[in-house]
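These protein sequence lines are chains R and Y, in that order.
First residue of the first sequence? That's 484 in this note's numbering, and the numbers climb one at a time after it.
First residue of the second sequence? That's 1069 in this note's numbering, and the numbers climb one at a time after it.
The set of hints was computed from the structure by calculation and includes no laboratory data.
Check each hint, because a few of them may be wrong.
Claimed, not checked - Okay, derived cross-link-like pairs now, SDA-like style, lysine to any residue, Cα gap no bigger than 25 Å in a straight line:
| # | chain 1 | residue 1 | chain 2 | residue 2 |
| --- | --- | --- | --- | --- |
| 1 | R | K655 | Y | A1366 |
| 2 | R | K632 | Y | Y1266 |
| 3 | R | K609 | Y | P1293 |
| 4 | R | K603 | Y | L1290 |
| 5 | R | K603 | Y | M1292 |
| 6 | R | K630 | Y | Q1220 |
| 7 | Y | K1263 | R | Q635 |
| 8 | R | K632 | Y | F1288 |
| 9 | Y | K1365 | Y | P1293 |
| 10 | R | K576 | Y | S1362 |
| 11 | R | K632 | Y | N1238 |
| 12 | R | K630 | Y | T1230 |
| 13 | R | K632 | Y | S1362 |
| 14 | R | K632 | Y | E1368 |
| 15 | R | K603 | Y | M1264 |
| 16 | R | K632 | Y | A1366 |
| 17 | Y | K1365 | R | K655 |
| 18 | R | K603 | Y | T1184 |
| 19 | R | K762 | R | K630 |
| 20 | Y | K1263 | R | G664 |
| 21 | Y | K1365 | R | G664 |
| 22 | R | K630 | Y | V1269 |
| 23 | R | K576 | Y | F1288 |
| 24 | R | K655 | Y | M1264 |
| 25 | R | K632 | Y | I1125 |
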Amino acid sequence: MKSLGSFRRKFAPWNDPEAKPFIAIENVTKRFGDFTAVDDLSLNIYNREFFALLGASGCGKSTLLRMLAGFETPTSGRILIDGQDMSGIPPYKRPVNMMFQSYALFPHMTVEANIAFGLKQDGMPKNEIEARVAEMLKLVKLEQFAKRKPHQLSGGQRQRVALARCVAKRPKVLLLDEPLGALDKKLREETQFELMDLQMKLGLTFVVVTHDQEEAMTMSDRIAVMDKGKVKQVATPAEVYEAPNSKFVADFIGNVNMFEGTAAAVENGKIDIDVAADKMTIRTDATRNCSVGQTVGFAIRPEKIRLSRKEPANPAVNAAYGELYDIAYFGDMTVFHVRLENGRIIKAASLNAVRTVEDPLGYEDMVWVNFDTDAGILLTA
Amino acid sequence: MQKLIASVTSRLVISIPYLWLLVFFLIPFIIVFKISLSEVAMAIPPYTPVVDITAGIKSVFNSISQFSWDNYVWLVEDPLYYKAYISSLVIAIVSTFLTLIIGYPIAYGMARAPATIRPTLLMLVILPFWTSFLIRVYAWIGILKPEGLLNQFLMWANVIDTPLNILNTNTAIFIGIVYSYLPFLVLPIYSALEKMDYSLVEAAEDLGCTPLMAFWKITFPLSMPGVIAGCFLVFIPATGEFVIPDLLGGSSTLMIGKTLWSEFFSNRDWPVSSAVAVILLLLLVVPIVLFQRSEAKAQESEK
């Protein structure tokens, strides 16, 4: 059997111009009174994709999910699922099932009855229901809890019942609203992989809403970063992290050092940015078109910055000198805060690959920070 | 020492409700029960024997030996009483059912109303309590009588051409009970519905229920504790109701509250009216206790 990874690496229908999207969201706007929750949003989600809607609370991601489920109607625009226009189709007739953030398990029914609920609504014969429920209980490893009521289960078990209940109907699309939000950290990490595994096994399309970027990065094939009802970037986790398309995305995902300056020279595929505030010149790959004199941004992740006591070879470019102001030790890595002369803090991270270091850096040490021309990313938006 | 004080205080706190029940429920009941075992007498108080604790233990025992079950035998022998009991129960059951049919949608509408107007709606339900119950029932006479507001309106609207005879019928009693006890039913159902997580209904719809099915399978079962509490709060006082049948009902209406009243005030037969009250109490308490036991058992078996 092939591993999950080998499938994942090759799975990229969004790069295939022939591929038909499974869910097509076309110019959807949703207003609540004066408030625009979702603003002229278009998005394609492909069959068997694990798709994450990522954003801060109030960015419209939950509203979008609720529109897919049919609990909200778009003010304008339309949503197609498997080629079928969903306008005017009530939730109970849609080929999607949703897992609620609160799990919404029926408190007056046993685990078994909860899972069977949707099947009964479809008028499935009794023996088939029993077989399907048994299969689902096995899938989520809750066989011995079939007769329990939801209040007799732990948080993790409830989450699995909720999952089994919405998977039982074999929907085309599973919508998950903050599926791991109520679990503690350790359980959350385990469950992430369980979810991915389940999605692969059942061959479903998952749309997950989350505010947790780590969760989105770990689980999903693609992430849509949302802000104020709009999609800022749709890309694979690696692309979103390494090649953000805007200052917002760069800042939102992970840790970043952000610079702003004027393009001083563009030549040989490189651009020199004059960061007057920090008296720095940054030379980076000109990955985006820009002209001399234009205000541009530059983002660089802490782990791509080097720290040393020695002066770098070319201190005039991509380098700064400052005092070690703060050290945050995480065990696996350490984040150093270097304060420049003007008070600006630059964050640099290093992996603690060996247990003891000779002459470690300490508070108030004077250090150089420097980085390569391909370490950061030029931003024009 | 501190432990001792703590245990004494905690016992004291627990004992308050028990003391309350003892003083205001058990002792009055014992007094009523004692009177029901006595005989009528032309005296003050109008029954015999009178137990006088100050006269010594011997006299108390002497009094107790004179107690008899004659009044209860009388209740069984005269069909008037059991007919009144049955008619009271029927009227109470029908009016509880009517109150539920009207009250549930009101409670549902309140619970689903925007959170900002819910306090106002709650206020409107409670508002009638600010006027005397008696006055509100009297007001219904003005509405229901042949030349009353309702008939005037219906005749003006050309719905009827002769006045409807509602006052002094069982219909008027139903109207009175439903109107008077509606808040007692609405409030517990409202509180059950209001704390229900609405995403449960959405989940049911997501799993294939039409809104109506989702109501029957999720909302209604989950509001059941409120429904039961509300029905008890209507049914129990309605069974022994006196004011409403007396003011709105006709002379033919037989209700145990009225019977009790006439035994007590017209016949001055305290012992028989006490026996009527004791039987009424048993009639109401026994089924409720049995019901609560079975509920508790069901909950126990779940754990």
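Query raised in the report: Straight-line Cα separation of R:K632 and Y:E1368 no greater than 25 Å?
Result: holds, 13 Å
Query raised in the report: Taking only the CA atoms, is the gap from Y:K1365 to R:K655 under or equal to 25 Å?
Result: violated, 43 Å
Query raised in the report: Are R:K630 and Y:V1269 close enough, with their CA atoms no more than 25 Å apart?
Result: holds, 22 Å
Requested in this report: For the pair we were handed, R:K603 and Y:T1184, check the Cα-Cα distance against 25 Å.
Outcome: At roughly 37 Å apart (the allowed maximum being 25 Å), Y:T1184 and R:K603 break the hint.
Requested in this report: With a cut-off of 25 Å on the C-alpha distance, tell me whether Y:K1263 and R:Q635 pass.
Outcome: At roughly 20 Å apart (the allowed maximum being 25 Å), R:Q635 and Y:K1263 satisfy the hint.
Query raised in the report: Taken at face value, is the distance from the CA of Y:F1288 to the CA of R:K576 at most 25 Å?
Result: holds, 23 Å
Query raised in the report: Are R:K603 and Y:M1292 close enough, with their CA atoms no more than 25 Å apart?
Result: holds, 22 Å
Query raised in the report: Holds or violated: R:K630 with Y:T1230, Cα cutoff 25 Å?
Result: Distance of about 63 Å is beyond 25 Å: violated.
Query - Given pair status - Y:S1362, R:K632, alpha carbons within 25 Å - result: holds, 19 Å
Query raised in the report: Taken at face value, is the distance from the CA of Y:Q1220 to the CA of R:K630 at most 25 Å?
Result: violated, 61 Å
**Report entry** 25 Å limit on alpha-carbon distance, applied to hinted pair R:K632 and Y:A1366
**Finding:** holds, 13 Å
Query raised in the report: Quick one, are Y:K1365 and R:G664 close enough, alpha carbons at most 25 Å?
Result: Roughly 36 Å separates the two Cα atoms, so the pair is violated.
In this structure, the earlier hints numbered 1, 3, 6, 10, 11, 12, 17, 18, 19, 21, 24 and 25 are contradicted, and the remaining ones agree with it.
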